[in-house]
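*Asks:* This is what each chain is made of:
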Amino acid sequence: MIGQGNEKEKGRMTRLRCYRQFILFILSCISLGASERISSKTYVIVSGNVACIRRLNGTHQVGCSSEINGNVGVLHYINDTDSLNWLINSGPHQPYVALLTSLNFNRDTVQQLRNSKKITGIIVIHTDDSATTPLPDSFSPADKCPGDLYGLYHNNQEYGNCKKVTWNEDGNGMFFEDFEFPISIVTNKNETDYLINNCYLKFNQPTQGVPREYPLCAVQMKSRMAAAKDSETCIRRTNTPTNLNPDKYCDALGDKNVIGFFKDVPEDYKPEKKSIILAMARMDSYSLFENIYPSADNQVSGIVALLAAAEALRKYKDHFDNTTKDILFTFLNGEAFDYIGSTRMLYDMDKGALPLKLKMDHIDRIVEVNQLAYREGGKIWIHADPVSRNDPNISSEINDMISTILDIGKNLSDIVGAVDQTQPLPPASTQKFLQKTLVPALVLTDHKKTFTNKYYNSRFDLAKTISAMVNASDNGYNHVTDQASNLTVAATLLARSLYTLATGSPAPEGLMAEQQSVTHMLYCFLISPNCDLFKQVIPPAREAFDDLASQKSPYPFYVSVYGQINNVTRIIQRLLTHYIGTVEKNHTESCTSSEKASLQLYNYLWMAGPLNSDNKTRTVTCVKSRVTQTKAYSPAFEITDYNGWGGFQYSTWTESSWATNALLLRVFLIPSKAMETSILSGGVILTLVSMVLIYFLNKKADILFAHPRPSSL
Amino acid sequence: MDLAKVKDEDKLNLCRKYYIGGFAFLPFLWFVNSVWFFREAFLKPEYQQQKQIKTYVIRSMIGTAIWIAIITTWVVLFQTNRVAWGITADKISFLIPKGIP
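Chains A and B supply the protein sequences, listed in that same order.
In terms of full-length UniProt numbering, the first sequence opens at residue 1 and continues consecutively.
In terms of full-length UniProt numbering, the second sequence opens at residue 1 and continues consecutively.
Possibly wrong hints are sitting among the right ones.
Stated by the list, open to error - Taking lysine-lysine and the BS3-like style, the derived pairs with C-alpha atoms no more than 25 Å apart in a straight line are: (1) A:624 x A:357; (2) A:315 x A:263; (3) A:464 x A:448; (4) A:202 x A:229; (5) A:248 x B:91; (6) A:699 x B:5; (7) A:436 x A:351; (8) A:596 x A:585; (9) B:91 x A:229.
Calculated from the structure, these hints are not laboratory results.
If we strip away everything but chain A, and leave its shape as in the complex, we get (with noise of 0.2 Å):
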């Protein structure tokens, strides 16, 4: 009895410790188990960091990349010419990743940083707030003569290669230069404010021109581009079979076009000729750096002044008849990368591919806005082609339209004038309609001879820049800003200008520019896309209202690769629909959702609808117009064993894939070379004499270990 007692007492204290020790098992685990990686407290992250890009044209490569790993530096700030000199004469811990600030980083600095051959990086500060990012006078990295070569006037002794007038006088081109280092850009202050304290000031800054001592604080950039040497090249290599692995290179830039006709046609309608008028805008810009195209100047102020103009002239619609001419609205993508749509356009045209057989001899005249926010001497100038003035039916159409328009521009504030004759057309897509005919056309800007635009396809031409937007405490989606007001007399001159060219006939009084559409353009295509005027025409689905609600900053205009969604191209059509079309309340049958492109007459279009008078639900609708889309697409891509590469026929813009980890930013310590070499051979040291010990271990083993003797048996 007692023995068996005993058992069950040693069963239970042996049940016990097994209990205990699975305990203590699981607390450790749990405890080492919330530990930190390594890796997290060596580096810290940079994510608010963009970077520039690589592109490639028929002929060369552009932008910048880093080597396949990235490219380490120390970090030296340089906001003024003594931190400059230092670096380049002084600086013995190279290579260098130069952190810029937004008035030091011009072409010259950039130019001096890479001759002294000590800089494996530039980071250029951008953040929100202007006083650590303030506007510098003038930054465009666009070339002096944009489009030239591809223009109307190349090749042309008296006009071309801007010999009459610098347009972009301060470009400094860098846009169109080739960089062996990584730029990139960080947009967020408290991560500016870590590179500059913790990491330079902290570490890297020199003690009165003695520099510092290792550890140095560093910066690791990285943003490897797939695509090299030309167009021609990564095209061949992304679509070559001999690989097992095919590898994309480069994308074709390109996207979509928008056209949309206006006046009410019966079933049977076929265009006479000269019976159109071509009303154009160009959609897309471009910057250094990926993403951030705010275009505001170059050319959203264009587009909404249009797009009022539009919008103005339909409560006209009926004056419309088939005794009058059309308006075929126009907005041009890819302009920016010489003229990918006007190009494809007339290249449609040509091949009979566009809506009702468009040609050239249907089109009657042609009217541009460029660029309209900054106007000289506070209006709107008319440029006209003094080529096609040598012929003289020409000459006296474009004498007309100038005279109409100027008549108009009287009654409202004087707000346009016209430039000197001999002027050539400024870069405008018009140029490449007249190369294929002279028809009369006019171009609208803010400029009489050299841009005023000081930040021409640049970041910084932002809403603030252009004065349209203010601090108001309700968003200013409402707030009528001075652009804004400006902007309405414009487009209220555009409408009344097409109106008379179209008719005929004075316009009427009552023929006015909503203020209000201005104003909410403006907000919506510079501030935030999330505004009440874009939520009307999404598609009535979820997923594109989640969309709109979880964008946080501008639609970039840019004309991007071809394939991928351009949200500038999307809402832009449903704006020109919901602006010109009518509400189709019976017939619905052939509505869509999606826009597409169509050679039908009428296309339908579901439209998520105004706000009902809950505040809550929206009612929606269906449009009907004759609104569509045309691609937008370099026949270069297209033609096969296209041999015009080094021509300047059609565009030939591509831009570089990369890796979907392939841009990083971070910083971290680095100890100098000296001991990264001892530690090196250190370790080699050691793994040798290891090897050479092992060996003799192994090689006197029978005396160095005794076996035990076998017990005797």
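Knowing the structure of chain A, use the given hints to seat chain B on it.
*Replies:* Chain B in isolation, oriented as in the chain A frame:
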């Protein structure tokens, strides 16, 4: 396989197989042949099959040297001229490097 435990005729057979095989554009067989049978051919005391093995090993060594020369020349030529050859170089490449011309 430990050659010490193999019979002499089998050693000769093995050496011959590797020698013949190397002619099928497999220079590594010749390389292995020359290294593996080196001791057998030159350092071991005389036995009947050794003369034949010696000829095979010497010929394998010559073949290896020729192949090393060919491959080295081609690799150096290609690496230095790949960029200059442009389209031709791309046509004969399986893996085209990214990010460089």
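*Asks:* So, for every hint listed, does it hold in this structure?
*Replies:* Hint-by-hint comparison with the structure:
1. A:624 x A:357: The hint holds at about 21 Å.
2. A:315 x A:263: Roughly 11 Å separates the two Cα atoms, so the pair holds.
3. A:464 x A:448: Status holds; Cα separation ~23 Å.
4. A:202 x A:229: violated (41 Å)
5. A:248 x B:91: holds (16 Å)
6. A:699 x B:5: holds (24 Å)
7. A:436 x A:351: The given pair, whose Cα atoms are some 14 Å apart, holds under the 25 Å limit.
8. A:596 x A:585: It holds: about 21 Å lies between the C-alpha atoms, which stays within 25 Å.
9. B:91 x A:229: holds (16 Å)
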